[in-house]
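Residue numbers (the working numbering), protein chains in the order written: chain A, 32 to 392; chain B, 32 to 392; chain C, 32 to 392; chain D, 32 to 392.
Read the hints as simulated data drawn from the structure, not as lab findings. Among the hints, erroneous ones may be present.
If several chains are the same, the list does not tell them apart, and a pair holds so long as it fits within one copy or across any two.
What the hints assert, rightly or not - Each computed DSSO-like pair below joins lysine-lysine, with the alpha-carbon atoms no more than 30 Å apart:
1) K246 x K386
2) K391 x K232
3) K71 x K383
4) K195 x K127
5) K221 x K71
6) K177 x K383
7) K342 x K391
8) K383 x K66
9) K246 x K338
10) K39 x K335
11) K342 x K204
12) K304 x K229
13) K71 x K246
14) K66 x K335
15) K352 x K39
16) K74 x K386
17) K391 x K204
Predicted model only: the values in this text are computed from it and were never measured.
Number of protein chains: 4
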Amino acid sequence: MAGNIFGKIFRITTFGESHGNSLGGIIDGCPAGLKLNFEKIQKELNRRRPGQSSIVTQRNEPDQVNFLSGILDGITTGTPIGFIIYNKDHKSEDYKHIKNIYRPSHSDFTYEKKYGIRDYRGGGRSSARETICRVVAGSIAKQLIKDIQIISYVSSVGNIEINKSYQDLDLSKKNIEKSPIRCPDIYTEKKMLSLIHKTKKIGDTLGGTITCVIKNISSGIGEPIFDKLHAELAKAMLSINAVKGFEYGSGFLGSKLTGSQHNDLFNIDGTTKTNLSGGIQGGISNGMDIYFKIAFKPVATIMKKQKTIDKYGNFSIIEGKGRHDPCVLPRAVSIVESMTALVIVDYWMLKKLSKYSEIKN
Amino acid sequence: MAGNIFGKIFRITTFGESHGNSLGGIIDGCPAGLKLNFEKIQKELNRRRPGQSSIVTQRNEPDQVNFLSGILDGITTGTPIGFIIYNKDHKSEDYKHIKNIYRPSHSDFTYEKKYGIRDYRGGGRSSARETICRVVAGSIAKQLIKDIQIISYVSSVGNIEINKSYQDLDLSKKNIEKSPIRCPDIYTEKKMLSLIHKTKKIGDTLGGTITCVIKNISSGIGEPIFDKLHAELAKAMLSINAVKGFEYGSGFLGSKLTGSQHNDLFNIDGTTKTNLSGGIQGGISNGMDIYFKIAFKPVATIMKKQKTIDKYGNFSIIEGKGRHDPCVLPRAVSIVESMTALVIVDYWMLKKLSKYSEIKN
Amino acid sequence: MAGNIFGKIFRITTFGESHGNSLGGIIDGCPAGLKLNFEKIQKELNRRRPGQSSIVTQRNEPDQVNFLSGILDGITTGTPIGFIIYNKDHKSEDYKHIKNIYRPSHSDFTYEKKYGIRDYRGGGRSSARETICRVVAGSIAKQLIKDIQIISYVSSVGNIEINKSYQDLDLSKKNIEKSPIRCPDIYTEKKMLSLIHKTKKIGDTLGGTITCVIKNISSGIGEPIFDKLHAELAKAMLSINAVKGFEYGSGFLGSKLTGSQHNDLFNIDGTTKTNLSGGIQGGISNGMDIYFKIAFKPVATIMKKQKTIDKYGNFSIIEGKGRHDPCVLPRAVSIVESMTALVIVDYWMLKKLSKYSEIKN
Amino acid sequence: MAGNIFGKIFRITTFGESHGNSLGGIIDGCPAGLKLNFEKIQKELNRRRPGQSSIVTQRNEPDQVNFLSGILDGITTGTPIGFIIYNKDHKSEDYKHIKNIYRPSHSDFTYEKKYGIRDYRGGGRSSARETICRVVAGSIAKQLIKDIQIISYVSSVGNIEINKSYQDLDLSKKNIEKSPIRCPDIYTEKKMLSLIHKTKKIGDTLGGTITCVIKNISSGIGEPIFDKLHAELAKAMLSINAVKGFEYGSGFLGSKLTGSQHNDLFNIDGTTKTNLSGGIQGGISNGMDIYFKIAFKPVATIMKKQKTIDKYGNFSIIEGKGRHDPCVLPRAVSIVESMTALVIVDYWMLKKLSKYSEIKN
């Protein structure tokens, strides 16, 4: 019940710390007979890789995944898929000075309280480095549900935000990926970039929001009442480092509308004229686009002096060392998509078991 | 894997539809030896009961819970606790006219797509009536973790919202419960009441937000990396009918701050000067207050004519009949607290298994 | 993680004690659209009902199941199926004398050690009365997998045993059910009956074995490596009260053979000439009959004086009161079949998710 | 729900095939603060290692485990423990001739039916080589529950069997380990050895039984009703390759006794005079020794010609190549102990959550 397993049918278990020998995972429940596109998996990893541009950490990791089992001649065999990614450029000495110190708004303190011990090197297990395993699994999940499109992008950085709905943006992969921030709106992107550079220069950090859209998903996907599709999406998103909030469809703004304003009226074909519902009713997809937004807090490691405490109850002064992102949002896009894919693949498979008429033969 | 089981250690399974014979559930994993206070359980049920005031549905249900097992002389025995609540005042005839019709922004359409069949009477399983079972289980959970305080209140209705942080409000049970809206700020409450009455009169409905605060919780509670405490809270909240969003600590606003603004600096005793983190770091409680806010969409059933479709592909006109809430927020407070208690009890028990030194003897 | 939930996909949670108000359960995960045959369910319950003949307990229970949810017009809706069976003829006063006494080879002692409290009335939760819920769920499972035949029968009572393999017996329902012992071999049955009567007369009890055969099951069912089909069957069987052993295929005797004697050679169509494997290879069905045998210890409650201890550390004399079975085997047949059906239905559904080619559309 | 995860609290997920790059696993839920004895782990691995003596396969594998995470300075940190064992001496060319052939009584046929594809090299995932991961996890589990002794030994090979109960044998590690067969009775061991040599010479193989004894276990361990301690042990044992049967306590023989013969009478201190129950009542340990016996079928790969079929529906002749065990029992002892430890550690931790009085503080 320790929390390192995710999923019901397509289940992933992961291991690894920021500065350990390696990180990896096991996918149990991937159907047999899927021809894997390894290049796509690596491309996905490259999207969250450090060192992509001047606005992210310069830690130099190839982030190459090695598959260890469950695949024969490039095809999944139905047995568990083991994989490993070696840490190459970890500089643990950067962390010795914090061995006994609790960094503000990091989980040093809470890991120590829970476990009585913590791997201080680069944040250990609590580092976002573990999300690399999520991307490996998520990119395989994506290949399973290849007709369903999962697109996410940076919709705000600090207080700079895109003032358009997702429908009014060019969400083609090409358009999003050409931006170092993965912001599909050029005008906003420039302002974001300038804010990031300015903030980095003074040793500070930024948060922001990511919007995710799921297109071409069929209706009938979700498992009420506790495992509603959006409930599991919320859990998946909040499980990502630094995420503070989740809203889908009309979200928090929707709470200010009246029923007559908020209800989505049907077209004759079962689609709806508006989509404030965000593609889900009662925890089950209705075939319309699913969209949600998640909030990231600013990176806790700043390059400024902070007064803090150590585990012996003394005050201490700390200042960020090492190679850190001033803003993780551009790299987090692939993590958001991966976790989304992991949720969707699970519910997509479970849907096959909903109707007796479809399973009896 | 159908979604009617919640929890890891203290697990609840529920059944029942809005207009069936009864609803009920089974709690598996409640420790033995807890002397139950049945009055408290019933009081909790009364908080979500219909017919409490003029602003909620007038369906007349005693909502009395009967315990069927797992208890001897008022004390839990460690075996499963079965319970049942009979439906007394269901008027299924109110729903015959929608047997073949999909109500806008309800789950009629999606249940039909997923299961090929749906219980149309009062929304069947998708009705919020099922949350009564959550309150039964949640109120037992509350008794297990009685030192931990879980308080929630209505923080906004439509666009009327309390402009104070929770710290500046009187969150005593007495103060919250004396308000029919469960809004602890008298000034705001009056405006909310007036808005609800006005909206009800024109046959429309409202949404809003509920804020929940967890006080006196110890540090070390939570199971990273996928089952972070706030991730599970998010799932629990989004599993409640009509919820569209969740944020904890600084939430969406926090995404606009810089790291140096957002970081919570430590006091010498391990508490923090500010609490933008919302009492959780890396998915584990740090001993500070945990607080979060959730958004509810407006009730989908409105007393106005709406054009919609039936399952045969024809247009149809629908108008709400039956007894409906213009705003569910006041009743939802106990549901929010119950789901919170269910999450906390689970992680509180799991924490006992974190350290070898504490379990070996 | 308390053990009252069974199954992965078709999951059953149960509650109830021997002398409580009622027993019941919830099935979560039954596919929608199954037309239930309620008569068949009741018939199955009647097979395990007390009072069927002179050789079983005379407790007079109608054992009528009431379905509370998840069914509309006799058809499953995909939502959880709640059900309840009221206890009618419990005579708790028969048990007052053992309130503080530990009966030999019962679980009074162990429940007290684990939970610190126990429901002494009729054995509480540890009574085989709980198996009634398994039969309700199992008989629904049987209807889902109706092409698969699950047949079990009493193959030995005490040291009287059928000396034929299952292939040489008439396993028609008619032949088995006409026997009060559910032994398909008339010659052996007579000897069993006589042994039971003789043993009952002297206040003693008997054990025996049940053999179960699964016919017409397709290949490819099972989930290695930990959840092998026979491993889950073993668990299901050992979870039944009084069961001490499980063997499938060649079983314990098979351990004495050599590889060349034991190997099942193939026919050209993929069937095998012999079936010492018992229809399963590597945890996955191969399409041949699956068969297994389970051992039941003799009933622990005997009508003879036994010296025992109480919870205060004193010796005491105990003598069985109440209405008890001298031999539970005839009633256990339906329990064995039910648990078998619960295992098979789960793996049968999971099989649908094994191959990508079959789930992608 | 694919079956490669075992355990509830101390959960292990494994991957790897006989002839792949490596095998490995992840332990999620190991409490923090356990100082690991790595030498003991390796010793345990050596007990199941090939090439130990002339009577087992000569495949030359160092079987050295590498730990990748979850450990700091030799102490568990509470985060997942990843580990890997590289395959060094796999000779896949030995298997090319069976690429399209189904070996009798192997799982070639069933894997193909289930997944539509199979890794033919050395049996792929279905090979007992995967049990190496169980031993790694099991030997860590053993260190957690170090006061509980788990001892197993070979009690029969083919039709040669020890005619003494476990109480009459010297079960010291020293005595068992000095025997190449891990049979603690010298007299019987010699006969076993001679039978194995004789059988190997003619290219045939043997099965047998292993007896396992758990000593010094406290009462109150087990989770009725479905997850009874012995039910989970049965599942764990049947999940081991080639196991055909499980019995605990009096087992199959117990089914022939009467209640008055079988009941275990109490001593004044709560122990029992006899222990036909096998240390478990109602699925919960009673503090007496737990003991059980499991049956292994003979190894399916024999060095004799067998007629079989290929996947295209043709007959074919096959003859064992490669390096195979004539009898796996001596190597299986450590696997049995490991799986036992995995079950016990889980229930031992869960027991801590049974009583409210013990968890509230």
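Here's how the hints hold up against the structure:
no. : hint        : in the structure
1   : K246 x K386 : both (24 Å within a copy, 25 Å between copies)
2   : K391 x K232 : neither (63 Å within a copy, 50 Å between copies)
3   : K71 x K383  : both (27 Å within a copy, 27 Å between copies)
4   : K195 x K127 : neither (46 Å within a copy, 42 Å between copies)
5   : K221 x K71  : within (28 Å within a copy, 57 Å between copies)
6   : K177 x K383 : both (17 Å within a copy, 19 Å between copies)
7   : K342 x K391 : between (60 Å within a copy, 25 Å between copies)
8   : K383 x K66  : both (21 Å within a copy, 19 Å between copies)
9   : K246 x K338 : between (47 Å within a copy, 26 Å between copies)
10  : K39 x K335  : neither (43 Å within a copy, 41 Å between copies)
11  : K342 x K204 : neither (47 Å within a copy, 37 Å between copies)
12  : K304 x K229 : between (43 Å within a copy, 27 Å between copies)
13  : K71 x K246  : within (19 Å within a copy, 45 Å between copies)
14  : K66 x K335  : neither (49 Å within a copy, 37 Å between copies)
15  : K352 x K39  : neither (40 Å within a copy, 39 Å between copies)
16  : K74 x K386  : between (37 Å within a copy, 26 Å between copies)
17  : K391 x K204 : between (40 Å within a copy, 24 Å between copies)
Checked against the numbered hints given earlier, the structure breaks hints 2, 4, 10, 11, 14 and 15 and satisfies all the rest.
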